Amino acid sequence: MGPLSKLVNLYRLLSNVNNQTKHLPFTTIARNVSTTKPNYDLMEFFDDPKNWGSNEVKSGRSWQKDEMRLKSNEDLHKLWYILLKERNMLLTMEEEAKNETMLFPSPERLDKVEESMENLEAVVRERNKAYYELETGETGERPGRVETGPFGLKFYYKMREYKVPKHMNKKWQETHQFYKHDKDVEAFLLKYGEKKFLSKRRQYKRDFNHVIGLLKRFPNMDMEALKQQYPDVDIEKAKNNHKCRGHFVPK
Amino acid sequence: MSSRWYPIYQKGGPQLRVFLPNFWMKLVKPKHEQPPNIVQFACSMEMTKYDIKNYLEKIYNVSVVEVRTRIALGKTRRDPGLGYIVKDDDTKYAYVTLPKEEKFEFPTLFPKVSTDLEDYEKTIKQSKDGFKAYVDRNKNRPGMPGWFTI
Numbered sequence: 153m154g155p156l157s158k159l160v161n162l163y164r165l166l167s168n169v170n171n172q173t174k175h176l177p178f179t180t181i182a183r184n185v186s187t188t189k190p191n192y193d194l195m196e197f198f199d200d201p202k203n204w205g206s207n208e209v210k211s212g213r214s215w216q217k218d219e220m221r222l223k224s225n226e227d228l229h230k231l232w233y234i235l236l237k238e239r240n241m242l243l244t245m246e247e248e249a250k251n252e253t254m255l256f257p258s259p260e261r262l263d264k265v266e267e268s269m270e271n272l273e274a275v276v277r278e279r280n281k282a283y284y285e286l287e288t289g290e291t292g293e294r295p296g297r298v299e300t301g302p303f304g305l306k307f308y309y310k311m312r313e314y315k316v317p318k319h320m321n322k323k324w325q326e327t328h329q330f331y332k333h334d335k336d337v338e339a340f341l342l343k344y345g346e347k348k349f350l351s352k353r354r355q356y357k358r359d360f361n362h363v364i365g366l367l368k369r370f371p372n373m374d375m376e377a378l379k380q381q382y383p384d385v386d387i388e389k390a391k392n393n394h395k396c397r398g399h400f401v402p403k
Numbered sequence: 015m016s017s018r019w020y021p022i023y024q025k026g027g028p029q030l031r032v033f034l035p036n037f038w039m040k041l042v043k044p045k046h047e048q049p050p051n052i053v054q055f056a057c058s059m060e061m062t063k064y065d066i067k068n069y070l071e072k073i074y075n076v077s078v079v080e081v082r083t084r085i086a087l088g089k090t091r092r093d094p095g096l097g098y099i100v101k102d103d104d105t106k107y108a109y110v111t112l113p114k115e116e117k118f119e120f121p122t123l124f125p126k127v128s129t130d131l132e133d134y135e136k137t138i139k140q141s142k143d144g145f146k147a148y149v150d151r152n153k154n155r156p157g158m159p160g161w162f163t164i
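Top line first, the protein sequences correspond to chains A and B.
Going from the first sequence to the working numbering is simple: count from 1 and add 152.
Going from the second sequence to the working numbering is simple: count from 1 and add 14.
Think of the hints as simulated: they come from the structure by calculation, not from any bench.
Please note: incorrect hints may appear among the correct ones.
[Claimed, not checked] So the derived label-pair ranges between C-beta atoms look like this:
# : chain 1 : residue 1 : chain 2 : residue 2 : range
1 : A       : 344       : B       : 121       : 53 to 61 Å
2 : B       : 149       : A       : 270       : 49 to 57 Å
3 : B       : 20        : A       : 358       : 24 to 32 Å
4 : A       : 327       : B       : 25        : 32 to 40 Å
5 : B       : 35        : A       : 313       : 18 to 26 Å
[What the hints assert, rightly or not] If we take Cβ atoms under 8 Å as the criterion, some of the chain A residues that face chain B in the derived model are:
#  : residue
6  : 194
7  : 205
8  : 240
9  : 243
10 : 254
11 : 347
12 : 349
Just so you know, these numbers come straight off a predicted model, no measurement behind them.
For glycine and all other residues, C-beta sits at the position ideal for the given N, C-alpha and C.
Build the full structure now, drawing on both the sequences and the hints.
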């Protein structure tokens, strides 16, 4: 096929496409497209001038996860930048208000934007996970494991990539002496466990005494609610305590 | 892999793409007077000069000639109550040079509170009206204290 015939074919194809679009009903082509021109400027770092110096700026709620699940990846990508710019704007306004010792109007806007950003990232993560599970059978999340630290305490270690493998990296092996269960660690763990145990016991004692006080002052209160609020406390035992009894001969 | 975890860069590896950057930048009023085409920003600590240039060019469509950065040490002070030492966070500042012909002036976001005679009279009138309303309210119960009302 010569270049000329190729061109002719291409022309036919394109003209065909054009003809088809002509016959389609209008509603299938129409999309809700925002026609406002984005204002690319340094002034995007500042709020709308009519909000300058005002005491309150009205704003809607944050983006929910369910709403964002309906959106395409492309739309979410655009939304991320809108939120990013909004956050930058709010941070700028907050900083300037702090400098001028003036009121930053409606600071909850920042929380709303941050919540939206968190939700967006959660949705992207969901999609990522679904994709990876479909393609590879794994979640694609960052792998991790529980490690024992130098003091014998367990922590979650998020794994990451290294240029040199561990078993080949002499210097890393020298500098990173890991957990060794020796005398000092044992002594530390004993004291640490004791401390935790004592604090737990004190907490129980505190709750128990508080329940006694409550029973003394309000003998006819809702026992179910009390049980719900203090599940660890033995309420029958607390009732029999001498501190709980009033100054009268029990029936 | 997940959206906030990037593979380590090896020589010859593909270029990393950041799809959801979470860097922040705020435009701050410079403490000392600057040339008209220099803008000061506070930004995320992790941002490099290249990040700042790309951020402004790609997201805000602002042409950047040069970026200089510095890290300001956070203030160290004593806690007024218990006396332990508190250190504020360090801040990264970026001085961004715009092209020679462009100018940027930091706007006055908080217009000065006017202390005109008109405002003074307005407040006087307000307090007078308030007192009159108070007197009217207590017309039928003389001798009753001002806080008492039903």
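Taking the hints in turn, this is what the structure says about them:
Evaluation of the 53 to 61 Å hint for residue 344 of chain A and residue 121 of chain B yields a pass: the beta carbon distance comes to about 56 Å. Checked against the hint of 49 to 57 Å, the pair residue 149 of chain B and residue 270 of chain A passes, with Cβ atoms roughly 56 Å apart. A hinted range of 24 to 32 Å for the beta carbons of residue 20 of chain B and residue 358 of chain A is inconsistent with their spacing of about 48 Å. Checked against the given bound of 32 to 40 Å, the beta carbons of residue 327 of chain A and residue 25 of chain B, roughly 25 Å apart, lie outside it.
Taking the beta carbon of each, residue 35 of chain B and residue 313 of chain A are about 21 Å apart, inside 18 to 26 Å as hinted. With a cut of 8 Å, the hint placing residue 194 of chain A at the interface with chain B holds, because the nearest CB-to-CB distance is about 6 Å. A hinted interface residue such as residue 205 of chain A counts as satisfied when its beta carbon comes closer than 8 Å to some beta carbon of chain B; here the least separation is about 5 Å, so the hint holds. A least Cβ separation of about 6 Å between residue 240 of chain A and chain B falls short of the 8 Å threshold, and the interface hint therefore holds.
Because the closest C-beta pair between residue 243 of chain A and chain B is about 4 Å apart, less than 8 Å, the hint holds. A cut of 8 Å between beta carbons decides the hint on residue 254 of chain A: the least distance to chain B is about 5 Å, and the hint holds. Contact between residue 347 of chain A and chain B, as hinted, is not supported at the beta carbon level, the nearest pair being about 21 Å apart and thus beyond 8 Å. Hint status for residue 349 of chain A relative to chain B: violated, with the closest Cβ pair at about 28 Å, above 8 Å.
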